[in-house]
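K.L.:
Protein sequences, first through last, are from chains W and Z. Terminal number for the first sequence in this note's numbering: 359, no gaps in between. Terminal number for the second sequence in this note's numbering: 621, no gaps in between.
It is possible that part of the hints are untrue.
[As the list claims (entries may be wrong)] Heads up, simulated EDC-like pairs for lysine to aspartate or glutamate below, C-alpha to C-alpha not over 20 Å straight-line:
id : chain 1 : residue 1 : chain 2 : residue 2
1  : Z       : K211      : Z       : E162
2  : Z       : K106      : Z       : D52
3  : Z       : K21       : W       : D121
4  : Z       : K206      : Z       : E419
5  : Z       : K221      : Z       : E184
6  : W       : K120      : Z       : E16
7  : Z       : K242      : Z       : D486
8  : W       : K231      : Z       : E121
9  : Z       : K221      : Z       : E162
10 : W       : K169      : Z       : E187
11 : Z       : K303      : Z       : E121
12 : W       : K231      : Z       : D51
13 : W       : K124      : Z       : E14
14 : Z       : K534      : Z       : D488
15 : Z       : K106      : Z       : E58
16 : Z       : K206      : Z       : E227
17 : W       : K169      : Z       : D51
18 : W       : K120      : Z       : E14
19 : W       : K231      : Z       : E139
20 : W       : K124      : Z       : E16
21 : Z       : K303      : Z       : D140
22 : Z       : K437      : Z       : E419
23 : W       : K169      : Z       : E16
[Unchecked claim] Just a few of them, taken from the derived set where beta-carbon distance is under 8 Å, the chain W residues facing chain Z:
id : residue
24 : G47
25 : K223
26 : I224
27 : M230
28 : T240
29 : L283
Please keep in mind that the hints were generated in silico from the structure rather than gathered at the bench. The beta carbon of each residue, even a glycine, is placed where N, CA and C say it ideally should be.
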Amino acid sequence: MFRFDRRLLLNFDWVFLLTVVLIAIMGLTNLYSASHSGRMLGTPVYMKQLYFFLIGFGLVLAIVSVDYKVLLSWNYPLYTAACLLLLFSLLFGKSVANTQRWINFGFFYLQPSEPAKLALVITLASYYYRKDTGKGFSLRELTVPMLLTGIPFLLILKQPDLGTALMLLFIFVSMTLFVKLRWQTLAILTGTCLSAIPIGWKFFLKPYQRQRIETFMNPEGDPLNTGYHIMQSKIAVGSGMKFGKGFMHGTQGQLDFLPERHTDFAFSVWAEEWGFVGSLVLLGCYFFMILWGLNIAVSSRDKFGVLLAFGIVSLIFWQAFINLAMVMGLLPVVGMPLPLFSYGGSSLMTTMIGIGILMNIRMRRYMASS
Amino acid sequence: MSRFLTSIHKIDEAELNTLKRRVDIATAVAIFFIALLIVRLWYLQIHRGDDYSQLSENNRIRAQNLNAPRGNILDRQGRIIVTNRPCFNIVWVREDAPNPDEVLKKLSRILNEDISVILERIRSYADHPRYMPFRLKEDIDWRTLVYIENHRLDLPGIRIEVLPNRDYLHGDLASHLIGYLGEINENELKKLSDTNYDLGDQLGKMGIEKIYEKYLRGEKGRKYVEVDVHGLEQKQINTRKPLPGDDLQLTIDIDLQETAEKAMAGKAGAVVAMNVNTGELLALTSTPPMHLQEFIGGISTKAWNSMLNNPLHPLINKAIQGQYPPGSTYKIVTALAALNEEVVTPDTIIYCSGSYSFGNRKYGCWKKHGHGPVNLRRALKESCDVYFYQVGQKLGVDTLARYAQSMGLGKTTGIELENEKSGLTPTDAWKRQRYKEAWQEGETLSVSIGQGFNLTTPLQICRMTAATVNGGQLIRPQLLEAITDPDGKKILMFEPVSDGKILGTPEQLDLIRDALTAVVNEQHGTGRVAHLKNISVGGKTGTAQVIHLSTYKDVDEKDIPYKYRDHAWFTCFAPTENPEIAVTVLIEHGGHGGSAAGPVAKQILERYFAQKDAAENAKP
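Between the sequences and the hints, there should be enough to build the whole structure, so can you do that?
P.N.:
Okay, structure coming up:
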């Protein structure tokens, strides 16, 4: 298992790692500014985030040393563990803002919905790998993956954390479409989903979630309450203009006008202080990372690698897109961190593990036929 | 393990290639979404960047106007008539209240006011920017203020604003002169657009407050503070201190003004007291007064309507806006004209039988049984109508008008106050233009005793009296003694202005002054009620008919309906040897001039000379 090939080292993906480090540096810089004026106690958040990054890079190194294919046999245990953590957090978790999202590990509050996303990607990749996908899936063949997605989905929805729950759906849809669906299946599924929307709206969404969506449709209608976050975030981003207000000089962030400015709305702070140019640089990094990740998928020599890489890239991509679109007022406010950029150990660790797996796949692209 | 690994190396090349082709589609999707984000970024930061920049500025920097304390209004001795006191208003900043309903509910409980009243107020500011504060309640009491200050943290969005408000130390004293403040309206705001007024500012709407607005108001200060999301001040960035307004010293003397207003209590009318040589107005009052207190923080419609509909017209400054026939006070004009036009000499005797027949009408003297033979002096002293009918007839209306105008009648006096009325001095030409009719000689008879078309204001009569006894100078009445800036520097000082000399020689004026002295001091004089012990007073009574109907001719005064009763005039000056002060009193529907208006004038003169004595005794 620990056969170490020298070719591995030669194939180590420095470019990808460098991109991640670049985003990490920007993220930490931004956190420094965002948490500067805050009245938080204890270790400053940018320091904590730095520790998480260092641990994350350690994880990346550990992960690349083991062939990713072992995940084929670990997928169900991982999946089961993730679901149990979700269940545990629901029953005994620490409540923050009326949601049961956290498990206390003493030194660290784990948000089990984060690893659950990755566990789902791995499980779906393994499942689809084992199926012959040539002719496309029928509805019956989709029962298992739907079930696999549905369990964590419902558990997360119950917390309630609509953003993350939807993320699981996005992963499921992306990966399933990727392995090909039958047209009929696609049509039936689309039809079912569309008709489920009104029912879901009425029976499954909490009032605050409904209000968020309503607010998003008409933010000026209620600028004091729920529309406030969107408005303030748009003001922060917009007022950055071409070159930004300068590091630590973003008034929206520094004066507390931005909500959640070191977590979900971290990008608003960045856009305000670094402007269009700075935002383009950051966006460029993500863009490059996504393309590079997709290239990793293409370069893989086996189907599991392709599926796994694609799954992880889509996980990062959708999170990034939804977060950025939300911050810029294109989507309603849902809890969704910007991977690598927002503060948060669980999200960062999960992303770093995903990156480790991607690099792992990259390193072993020539080794399939060995 | 190794068997397991080989099993996964079994690769279906075709399937793998299909998957890889789909990666291209995924790439295209990713590019599309990222492009979407970039376009959005461009829209927010470049296309609308300026707007959002503005919004963020407003978010952060609150500019607060610091209102300048308005200048004080003082009397001629430097005693304060109007000053300022702090007034606490409740101000609402929508932006700072994340939970407006809750806060407003609390506020309605604190103020003990129905929430709908508060909401109505908020609705009227609906198009106000969200960060702009506006007033919810003005002039709250001390207890409410303390309560709100103590519960500040529970009331986000609520702030207390401190404004200097007018404090009228002497109540309604000189209310028409001082005038009142009101909230600036859209029109004024537009007109004053270059002078730094904002919505919600107070400005003078009437009287001294309005005319000297630019001196009184001072210069607003501005405080720039950085606030956080809760509207709490983070730090003060920059402050420009407000510059207090200039102090305004009036020519008015509080004591005389007060005496006049007390003497007039319960009556409708006007009193003017003026320095005959300089034109300084020592007292100028119109009764009933306006209630200045009601205007603070905006007058209620009810209070306004009650003043507007009051039959005694408290909103009109009768001293300058009330136009009354001058009655017998006009005989001064007729007498002067007669002497100067040599229609009579001082010794010319005219017989008064109690009436004078002209055309087919009988023009009666007020004394039904007649004065007998009268000369000019006696005619003035006893106010013989028949004498002046005949003199006036000889002079003609146009000559009378010339003299009246030279003495300041029929035109505004030029006092600083607004909306002064000019009165009316009828002429032949005027009547032709106004009524398309020729002048009737009989009308000249009415004019020559101050009735008919003649209209004058109390201020005009006072000025005429002054001109008669000050050597013939038509002096301009003025209210402003000095303007002092906050550093104590006098930036404007009173200066007497003469609007020319009246017609007539000094000898003729002396003759008239002598006759007027007799009015008060001699037997049969009509103004004997104004007689003072130590000071010689001269004056002229007047009774102005309100209607020409003879219906009430022989009816006792008390039985005539109020609005048909005669107006009572008394105009006087003192001391007669070297006149200093002229006092004119008009009482609407007061009846006979001497008995109704005389005592009021007397009280003012007494007060004036008592004050003068006190000042002289105080000197070593």
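K.L.:
Once the shortest beta carbon distance from W:K223 to chain Z is found, is it less than 8 Å?
P.N.:
Because about 6 Å separates W:K223 from the closest Cβ in chain Z, which is inside the 8 Å limit, the hint holds.
K.L.:
Under the criterion that the straight-line Cα-Cα distance not exceed 20 Å, is the pair W:K169, Z:E187 satisfied?
P.N.:
Not satisfied, since the Cα-Cα distance of roughly 68 Å exceeds 20 Å.
K.L.:
Given the hinted pair Z:K303 and Z:E121, is their alpha-carbon gap at most 20 Å?
P.N.:
Given pair Z:K303, Z:E121 holds - Cα atoms ~19 Å apart, limit 20 Å.
K.L.:
Regarding the pair W:K231 and Z:E139, is the alpha-carbon distance no greater than 20 Å?
P.N.:
45 Å, violated
K.L.:
Against the 20 Å threshold, does the CA-CA distance of Z:K242 and Z:D486 hold or violate the hint?
P.N.:
At roughly 16 Å apart (the allowed maximum being 20 Å), Z:D486 and Z:K242 satisfy the hint.
K.L.:
Taking 8 Å as the limit, does the beta-carbon of W:M230 come near enough to a beta-carbon in chain Z?
P.N.:
Result: holds, 4 Å to nearest chain Z Cβ.
K.L.:
Measuring from the C-beta of W:I224 to each C-beta in chain Z, is the shortest one below 8 Å?
P.N.:
Check passed: Cβ of W:I224 comes within 5 Å of chain Z, closer than 8 Å.
K.L.:
For the pair supplied as a hint, Z:K221 and Z:E184, is the alpha-carbon distance within the 20 Å limit?
P.N.:
16 Å, holds
K.L.:
At a threshold of 8 Å, is the proposed contact between W:T240 and chain Z supported by beta-carbon distances?
P.N.:
Where the cut-off is 8 Å and the nearest Cβ of chain Z is about 4 Å from W:T240, the hint holds.
K.L.:
For a C-alpha distance cap of 20 Å, please report whether Z:K303 and Z:D140 respect it.
P.N.:
19 Å, holds
K.L.:
Given the hinted pair Z:K206 and Z:E227, is their Cα-Cα distance within 20 Å?
P.N.:
35 Å, violated
K.L.:
Against the 20 Å threshold, does the CA-CA distance of W:K231 and Z:D51 hold or violate the hint?
P.N.:
10 Å, holds
Hint compliance for this structure: hints 1, 2, 8, 10, 14, 15, 16, 17, 19, 22, 24 are broken, all remaining hints hold.
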